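J.: Given next are the chains, with one letter for each unit.
Protein chains: 2
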Amino acid sequence: NIPYEALEVGQTASYSKTVEERDIQLFAAMSGDHNPVHLDAEFAAASMFKERIAHGMFSGALISAAVACELPGPGTIYIGQQMSFQKPVKIGDTLTVRLEILEKLPKFRVRIATRVFNQRDELVVDGEAEILAPRKQQTVTLPTLPAIHGAKIGCPDVPATGFAGDGPFGIAMNEMTACGRSDWPPITM
Amino acid sequence: NIPYEALEVGQTASYSKTVEERDIQLFAAMSGDHNPVHLDAEFAAASMFKERIAHGMFSGALISAAVACELPGPGTIYIGQQMSFQKPVKIGDTLTVRLEILEKLPKFRVRIATRVFNQRDELVVDGEAEILAPRKQQTVTLPTLPAIHGAKIGCPDVPATGFAGDGPFGIAMNEMTACGRSDWPPITM
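Heads up: the protein sequence lines correspond to chains A and B, in order.
Under the working numbering, read the first sequence as residues 5 to 193, first letter to last.
Under the working numbering, read the second sequence as residues 5 to 193, first letter to last.
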């Protein structure tokens, strides 16, 4: 990590992630946000976006990851976050969170620009974080990310009958069609 | 949903969820945010929080769910969100998002207070959303939430050997100890 003392205004870092079908499903399951514009292809086709979009707060989750893992990194405490959603994020988009140290405030507080761009370099989320920076330099061994082994994401009323993939993040969605969710394509990773 | 015309200043709604071990793991896996304060009991014990806490942006995900599913509900488009993290959220806490319509702006824009309280009625996140309200009343059938069947959340280098639970959100974490993550307790739901 980078402790408060070593942070400089203008310092930058970035963090990228491609938005996968899996991410949308996990976000919906975790938050309970089952807005059809994210999950229902037919509903989304009739919306102003013409196709399903990622949850806006999914970009928020990536900003959180960028701040906690890149700049300043582990030990950072989140105080506040402001986000302005500029453009929709589609499944398959590759998002890059760009961080820039804006201001060092007293008592270890730091303001950071948190802007998210897609693969066409369009700004999709503008915003700013306020954090408490780590006080001391620490060499932190990041916990391995939890892997999701052999999960099936399906409809609640259809029990899982098997699963594919047992590597990290192995997820099979091949039961989707069984509950008429053919718009949720099978995914095996 | 409640269309723009029917929204009134002062209108309220709420949405509650208990923060489960599973949610922390899913949030980490989905976002890539593996800050040890969320995942590593030993690291967290030495932090100012004394124990593991939920990702701040997890509360953001619940706010997103409240706005999208309760008030105004499906069809809502997120324009912006401001959050101020006031208190840590612990695993097992029951969070309630309380929404209140603050102001109706031109062109279907609406400002909503988005405050998150824990089970002791302490404000954990203060904030405000700006949204585009639905233009028309719609009866929307919410997609069933993706269920995660028989998932194992484990360490990436230990393949899953089986799983417990195949109901909605059936997750077994009983491989945790196999990679020394005894601080991630087994969970079967």
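Derived by calculation from the structure, the hints in this document are not laboratory data.
Computed from a predicted model, the values in this text were never measured in an experiment.
Just to be clear, a hint being listed does not mean it is correct.
It does not matter which identical chain is meant; a pair holds if it fits inside one copy or across any two.
Unchecked claim - Below are the DMTMM-like pairs computed for lysine to aspartate or glutamate, each with C-alpha atoms no more than 20 Å apart in a straight line:
id : residue 1 : residue 2
1  : Lys108    : Glu74
2  : Lys94     : Glu74
3  : Lys140    : Glu74
4  : Lys111    : Glu132
5  : Lys94     : Glu104
6  : Lys91     : Glu134
7  : Lys54     : Glu134
8  : Lys91     : Glu9
9  : Lys140    : Glu46
10 : Lys91     : Glu74
11 : Lys140    : Glu25
12 : Lys94     : Glu126
13 : Lys140    : Glu126
J.: With reference to the structure, classify each hint as holding or not holding.
T.: Status of each hint after checking the structure:
{"no.": "1", "hint": "Lys108 <-> Glu74", "verdict": "within (17 Å within a copy, 39 Å between copies)"}
{"no.": "2", "hint": "Lys94 <-> Glu74", "verdict": "neither (25 Å within a copy, 24 Å between copies)"}
{"no.": "3", "hint": "Lys140 <-> Glu74", "verdict": "within (16 Å within a copy, 43 Å between copies)"}
{"no.": "4", "hint": "Lys111 <-> Glu132", "verdict": "within (18 Å within a copy, 25 Å between copies)"}
{"no.": "5", "hint": "Lys94 <-> Glu104", "verdict": "neither (25 Å within a copy, 30 Å between copies)"}
{"no.": "6", "hint": "Lys91 <-> Glu134", "verdict": "between (23 Å within a copy, 15 Å between copies)"}
{"no.": "7", "hint": "Lys54 <-> Glu134", "verdict": "neither (35 Å within a copy, 22 Å between copies)"}
{"no.": "8", "hint": "Lys91 <-> Glu9", "verdict": "neither (36 Å within a copy, 25 Å between copies)"}
{"no.": "9", "hint": "Lys140 <-> Glu46", "verdict": "between (52 Å within a copy, 18 Å between copies)"}
{"no.": "10", "hint": "Lys91 <-> Glu74", "verdict": "neither (24 Å within a copy, 23 Å between copies)"}
{"no.": "11", "hint": "Lys140 <-> Glu25", "verdict": "neither (39 Å within a copy, 29 Å between copies)"}
{"no.": "12", "hint": "Lys94 <-> Glu126", "verdict": "within (13 Å within a copy, 36 Å between copies)"}
{"no.": "13", "hint": "Lys140 <-> Glu126", "verdict": "neither (36 Å within a copy, 30 Å between copies)"}
Hints 2, 5, 7, 8, 10, 11, 13 from the list above are not met by this structure, while the remaining hints are.
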